[in-house]
Amino acid sequence: MSGILNSSIGRKIAMALSALFLIFFLIIHLAVNITSLFSADLFNELSHFMGTNPLVQFALQPVLVLGVIFHFIMGFVLEIKNKKAVGNISYKRNNGAANSSWMSRNMIYSGIAILAFLILHFIDFWVPEMNHKYIEVLPEDPTRYFGELQHKFVPIWRVAAYVVAFIFLSLHLMHGFTSSLQSMGVSAIRKKFYKNFGLVYSIVIPLGFIIIALFHHFNH
Amino acid sequence: MSGKGMNLTLQIWRQKDANDKGKMVDYKVTDISEHMSFLEMMDVLNEQLVNSGEEPVAFDHDCREGICGMCSMYINGEAHGPDRGITTCQLHMRMFNDGDTITIEPFRAAAFPVIKDLVVDRMAFERIQQAGGFISVNTSGNTQDANSLPISKHAADEAMDAATCIGCGACVATCKNSSAMLFVGAKVSQYALLPQGQVEAADRVKNMVAQMDLEGFGNCTNTGACEIECPKGISLDNIARMNREFMAANIKG
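Protein chains in written order, with this note's numbering: chain A, 1 to 220; chain B, 1 to 253.
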């Protein structure tokens, strides 16, 4: 494994695999959350399943946490390595917009914005959840999830932070979706099908999360 | 044509030698014809500098017909300047306007150190080629007939497209990560697509990628800038193919 990560293409493939895993995870996450728009019962049921199923809790959850950690640590490692490859003197004039998208040139910044959001998101939902289940071991109430979700989106500052974060997520995905496929050896970046699919994905998924946050802010 | 040409301000990177710190210096050129190539305009400037007893600007150039890959300037923030599908020598002054300020810098990357002014050392590309960019065949009088190994038209075309890479280094210069993957992808692909390249395919991609990393080129993040700036239009597909070749070579062990 370390041998693979010593190679530039190996790192690229590892980065892409973790990205594709997270891209898949976002679909699951949105699918569960979207039920909260029309059925509190269904949302509670799904959340209870996700929160108590041992396979989800002790197999998928650790993989997800490690996947996120690997993706952002690798992102920083690549940024540092690439800065070194560029050297000390930068161009006095560089017209990046002439040949590449803003999103592709600023993945590190959209990534940092998403990482900052993830810290907030973990403090908001994951830490209380872990505390509830494994530290204080409070009695499980299968109907508590919907109320907790509504409660979180009462303060407008949190809704605003989430909306801004999802816009950065969208920008990150606009490059990241096709880029991860390209790294895996699929010529995705210039192909219409993948480009359009990636664009739809990177707008629909974050927009879904934005709608959920706004919906619960205005309907509680 | 006197009096009808363009008057331009040139901001050029001047650096005495590899150890000099270097800086941008402003020059004026007058009465530049729009029909001149960019390098002819540089010749005019250098003549002016020589006549006034100054050191001329050193820059790489050779064939001046877009096929050798020697010329290597970063003009107005783009490798080989603002035009597409051309090297600097094929850039013409009609792409600019009277009164313009044009910035001219060397190709920059840690693996392409400046030798003098606009001349950079691109020997790293040679060393990558030497690591695997060849096929080992005995050519001492017993070469096969070209038609004894049928090759599909599609594969032959794609291999030929990859082989048009002239190794100028514009991909590295334009990449925000100073990655050489378009160059190495093209060199790997031109053999990977042909039966003659299969025997050494796994070693080739592993050795060339290892040498690329050793030279200190960066990690590709698929911005696609290299393909846009490449004078030969080398496709990003070649990078994807190299990734596949690399995966296959490592899985096979």
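Since the hints were derived computationally from the structure, they do not count as laboratory data. Owing to the predicted nature of the structure, the values given are computational and were not obtained by experimental measurement. Hints may be right or wrong, so weigh each one.
[As the list claims (entries may be wrong)] Stretches of chain A that chain B covers, calculated by requiring three or more beta carbons in the stretch to come under 8 Å of a beta carbon on chain B: (1) 21-34; (2) 103-109; (3) 125-135; (4) 170-184; (5) 205-219.
[Unchecked claim] Straight line, CA to CA, 27 Å or less: simulated DSS-like cross-link-like pairs of lysine-lysine: (6) B:LYS153 / A:LYS192; (7) B:LYS176 / A:LYS81; (8) A:LYS92 / B:LYS21; (9) B:LYS153 / B:LYS116; (10) A:LYS92 / B:LYS153; (11) A:LYS83 / B:LYS28; (12) A:LYS92 / B:LYS252; (13) A:LYS92 / B:LYS28; (14) B:LYS116 / A:LYS84; (15) B:LYS28 / A:LYS81; (16) A:LYS84 / B:LYS16; (17) B:LYS153 / B:LYS21.
[As the list claims (entries may be wrong)] Estimated spans, in silico, between C-beta atoms of each pair: (18) A:ILE108 / B:THR164: 29 to 37 Å; (19) B:ALA156 / A:ASN196: 30 to 38 Å; (20) A:LYS192 / B:PHE134: 17 to 25 Å; (21) A:LYS195 / B:ARG84: 52 to 60 Å; (22) A:TYR109 / B:ASN138: 36 to 44 Å.
For glycine and all other residues, C-beta sits at the position ideal for the given N, C-alpha and C.
Evaluated hints:
Counting residues of the segment 21-34 of chain A whose CB lies closer than 8 Å to any CB of chain B gives 0, so the stated coverage by that chain is violated, three being the minimum. Beta-carbon proximity to chain B at under 8 Å applies to 3 residues in the segment 103-109 of chain A; the threshold of 3 is reached and the given coverage holds. Here the segment 125-135 of chain A counts 0 residues with a CB under 8 Å from a CB of chain B, which misses the bar of 3, and the coverage is violated. For the segment 170-184 of chain A, the stated coverage by chain B holds: 6 residues have a C-beta nearer than 8 Å to a C-beta of that chain, and at least 3 were required.
With a cut-off of 8 Å between beta carbons, the segment 205-219 of chain A has 0 residues touching chain B; three or more are needed, and the interface restraint is violated. A distance of roughly 25 Å separates the Cα atoms of B:LYS153 and A:LYS192; the hinted pair therefore holds under the 27 Å criterion. Restraint check for B:LYS176 and A:LYS81: the C-alpha separation of about 12 Å stays at or below 27 Å, so the hint holds. Of the supplied pair hints, the one linking A:LYS92 and B:LYS21 holds, its CA atoms being roughly 14 Å apart against a limit of 27 Å.
For the proposed pair B:LYS153 and B:LYS116, the alpha carbon gap of about 44 Å is over 27 Å, so the pair is violated. Only pairs whose Cα atoms come within 27 Å are accepted, and A:LYS92 paired with B:LYS153 is rejected, the gap being roughly 45 Å. With a CA separation close to 34 Å, the supplied pair A:LYS83 and B:LYS28 exceeds the 27 Å bound. The hinted pair formed by A:LYS92 and B:LYS252 fails the criterion: a straight-line CA distance of about 45 Å is larger than 27 Å.
Between A:LYS92 and B:LYS28 the alpha-carbon distance is near 19 Å, which keeps this suggested pair within the 27 Å criterion. At most 27 Å may separate the alpha-carbon atoms for a hinted pair to count; B:LYS116 and A:LYS84 meet this at roughly 21 Å. Taking the CA atoms of B:LYS28 and A:LYS81, the gap is near 39 Å; set against the 27 Å cutoff, the hint is violated. Distance restraint check for A:LYS84 and B:LYS16: the Cα-Cα separation of roughly 24 Å lies within the 27 Å cut-off, and the hinted pair is therefore satisfied.
Pair hint B:LYS153 plus B:LYS21 does not hold up; C-alpha atoms about 51 Å apart against a cutoff of 27 Å. Checking the proposed 29 to 37 Å range against A:ILE108 and B:THR164 shows it holds: the Cβ atoms sit about 33 Å from each other. Remark: the range hint 30 to 38 Å for B:ALA156 to A:ASN196 is upheld by a beta-carbon distance near 31 Å. For the hinted restraint 17 to 25 Å between A:LYS192 and B:PHE134, the CB-CB distance of approximately 36 Å leaves it violated.
With their beta carbons about 20 Å apart, A:LYS195 and B:ARG84 fall outside the hinted range of 52 to 60 Å. For the hinted restraint 36 to 44 Å between A:TYR109 and B:ASN138, the CB-CB distance of approximately 54 Å leaves it violated.
The earlier numbered hints that this structure contradicts are 1, 3, 5, 9, 10, 11, 12, 15, 17, 20, 21, 22.
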